[in-house]
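Engineer: The chain contents come next:
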Amino acid sequence: MADFEREDGVTREELVQRVALMEAMIAEGRQSTARYGWMFVLWGLTYFAAIGWTLTLPYTDWAWPACIAACSVVFGLVRSRQSRAGGKSENLRTHSLDAVWQVIGGGIILYLIAVIVSGHGKEPGYLAAVLFFNGLANGVSARILRWWPQAVSAAIWWGCGTAMLFFTTRTEELALFVTATFCGMIVFGLYAMWLERHDAGMVQAHA
Amino acid sequence: MRGRSVAAVWRMMGLTVLLYVVAAIVQHKAGQISYIAAILMFVGMAHAISAVILRWWAQGLVAGVWLAGGIATFFVPRSYVLGVFIAEMCLGMVLFGLYAMWLERRSGAQGE
Chain A
-6 MADFEREDGV
4 TREELVQRVA
14 LMEAMIAEGR
24 QSTARYGWMF
34 VLWGLTYFAA
44 IGWTLTLPYT
54 DWAWPACIAA
64 CSVVFGLVRS
74 RQSRAGGKSE
84 NLRTHSLDAV
94 WQVIGGGIIL
104 YLIAVIVSGH
114 GKEPGYLAAV
124 LFFNGLANGV
134 SARILRWWPQ
144 AVSAAIWWGC
154 GTAMLFFTTR
164 TEELALFVTA
174 TFCGMIVFGL
184 YAMWLERHDA
194 GMVQAHA
Chain B
4 MRGRSVAAVW
14 RMMGLTVLLY
24 VVAAIVQHKA
34 GQISYIAAIL
44 MFVGMAHAIS
54 AVILRWWAQG
64 LVAGVWLAGG
74 IATFFVPRSY
84 VLGVFIAEMC
94 LGMVLFGLYA
104 MWLERRSGAQ
114 GE
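Protein chains in written order, with our numbering: chain A, -6 to 200; chain B, 4 to 115.
It should be emphasised that the hints constitute simulated quantities derived from the structure, not laboratory data.
Treat each hint with caution, since some may be false.
With a straight-line Cα cutoff of 25 Å, these simulated SDA-like cross-link-like pairs (lysine to any residue) come out [what the hints assert, rightly or not]: (1) K115/A <-> S76/A; (2) K115/A <-> A103/B; (3) K115/A <-> R14/B; (4) K32/B <-> A42/A; (5) K32/B <-> R163/A; (6) K115/A <-> F175/A; (7) K32/B <-> A90/B; (8) K115/A <-> I28/B; (9) K32/B <-> L21/B; (10) K115/A <-> V25/B; (11) K115/A <-> V87/B; (12) K32/B <-> G112/A; (13) K115/A <-> W187/A; (14) K32/B <-> H113/A; (15) K115/A <-> W31/A; (16) K32/B <-> A59/A; (17) K115/A <-> G34/B; (18) K115/A <-> A33/B; (19) K115/A <-> T162/A; (20) K32/B <-> L103/A; (21) K32/B <-> I89/B; (22) K115/A <-> A61/B; (23) K115/A <-> L85/B; (24) K115/A <-> V20/B; (25) K115/A <-> V171/A; (26) K32/B <-> L85/B; (27) K32/B <-> T162/A; (28) K115/A <-> I101/A; (29) K115/A <-> H31/B; (30) K115/A <-> Y83/B; (31) K115/A <-> F170/A; (32) K115/A <-> S82/B; (33) K32/B <-> T172/A; (34) K115/A <-> A42/A; (35) K115/A <-> A144/A; (36) K32/B <-> A148/A; (37) K115/A <-> R81/B.
From chain A, some residues computed to sit far from chain B (all C-beta separations above 10 Å) [said to hold, decoys possible]: (38) R5; (39) Y29; (40) P58.
From the three backbone atoms N, C-alpha and C, an ideal C-beta is built for every residue, glycine too.
Between the sequences and the hints, there should be enough to build the whole structure, so can you do that?
Structural biologist: Structure representation (structure tokens):
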């Protein structure tokens, strides 16, 4: 058994080590996502703040740009502080996840700016697209991490995005957007934060 | 490992576009500008994520072309939208595909 060797010269022991390394990287990626659970909650609350502004306050055109700008500042500050405090472990998976969220986050902001500046904010397709963008980010992350709770989150975004193309009254759109934001961002973020605490508690208990 | 992440990006992008396109066609909303722009943005985002994962500037350039097309769709006159779409296909798909094929052949020839 110990002499087992494949034609390409890879021993069973090496294969087991590689699989163990991949599993460790997946676990690290999940931990990293759980560590950033607060980001999901922060962005979810930002979406709610922007919706609340558009419904109740004047200057509604400024609701989304102002809320997203304020959230980006808070996000940048907290993230840089978190990176300095905890250091940043990077492997290929966390690098890929960073790429996914940075690109899709930037893409959503670009898309929203174009929609608002060009005056296409009345088309239902644009809000559905935003939900699909969020679904794409969660779907790719779930696939990379092989993590079913995030796949559920992706399915909620896609489901609400699809439904938004069918239910097009203002109230229905609002209900779908709020549902997707609440379940796919706030609940998922809180779950990730709970997971991080739970894991930290387990580590402390075993120390 | 990079290959798996890139495969995940393109599979999920395909699924997202499929869901979005089917729902929009069934509901007769495929003519909206925001719908066409979103499709270009989906493809641009997938290229951009792949470019960052692979650290490949050529694909980054292609991503820029797709994203710029998506944004331009909102601002060009309605009759030019088809032109933007065709330009995207030629530059971001056919030309990039030919470049990737040439690159593969070159590395294959060097390997021999």
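Engineer: Compare the structure with each hint and give your call.
Structural biologist: Here is what the structure says about each hint:
1. K115/A <-> S76/A: violated, 40 Å
2. K115/A <-> A103/B: Violated, at roughly 40 Å.
3. K115/A <-> R14/B: Judged against 25 Å, a Cα distance of about 31 Å means the pair is violated.
4. K32/B <-> A42/A: violated, 29 Å
5. K32/B <-> R163/A: Holds, at roughly 16 Å.
6. K115/A <-> F175/A: Roughly 23 Å separates the two Cα atoms, so the pair holds.
7. K32/B <-> A90/B: Answer holds: K32/B to A90/B is near 23 Å, not above 25 Å.
8. K115/A <-> I28/B: Distance of about 19 Å is within 25 Å: holds.
9. K32/B <-> L21/B: Measuring from Cα to Cα gives roughly 14 Å; hence the hint holds.
10. K115/A <-> V25/B: Since the Cα atoms of K115/A and V25/B sit roughly 21 Å apart, the hinted pair holds (cutoff 25 Å).
11. K115/A <-> V87/B: Since the Cα atoms of K115/A and V87/B sit roughly 22 Å apart, the hinted pair holds (cutoff 25 Å).
12. K32/B <-> G112/A: Holds - the C-alpha atoms of G112/A and K32/B are around 18 Å apart, at most 25 Å.
13. K115/A <-> W187/A: Distance ~38 Å between K115/A and W187/A Cα, so the pair is violated.
14. K32/B <-> H113/A: Holds. K32/B to H113/A sits at ~14 Å (cutoff 25 Å).
15. K115/A <-> W31/A: The hint is violated at about 31 Å.
16. K32/B <-> A59/A: Roughly 29 Å separates the two Cα atoms, so the pair is violated.
17. K115/A <-> G34/B: Roughly 14 Å separates the two Cα atoms, so the pair holds.
18. K115/A <-> A33/B: Within the cut-off at roughly 15 Å; holds.
19. K115/A <-> T162/A: The hint holds at about 11 Å.
20. K32/B <-> L103/A: Cα-Cα ~22 Å, so holds.
21. K32/B <-> I89/B: holds, 20 Å
22. K115/A <-> A61/B: Given that 25 Å is the threshold and the Cα spacing comes to 36 Å, the pair is violated.
23. K115/A <-> L85/B: Distance of about 22 Å is within 25 Å: holds.
24. K115/A <-> V20/B: The given pair, whose Cα atoms are some 22 Å apart, holds under the 25 Å limit.
25. K115/A <-> V171/A: holds, 18 Å
26. K32/B <-> L85/B: holds, 16 Å
27. K32/B <-> T162/A: holds, 14 Å
28. K115/A <-> I101/A: holds, 17 Å
29. K115/A <-> H31/B: holds, 16 Å
30. K115/A <-> Y83/B: holds, 21 Å
31. K115/A <-> F170/A: Since the Cα atoms of K115/A and F170/A sit roughly 15 Å apart, the hinted pair holds (cutoff 25 Å).
32. K115/A <-> S82/B: holds, 20 Å
33. K32/B <-> T172/A: holds, 23 Å
34. K115/A <-> A42/A: At roughly 20 Å apart (the allowed maximum being 25 Å), A42/A and K115/A satisfy the hint.
35. K115/A <-> A144/A: Violated: K115/A and A144/A sit about 30 Å apart, past 25 Å.
36. K32/B <-> A148/A: holds, 22 Å
37. K115/A <-> R81/B: holds, 17 Å
38. R5: holds, 21 Å
39. Y29: holds, 17 Å
40. P58: Holds: least Cβ distance 16 Å, greater than 10 Å.
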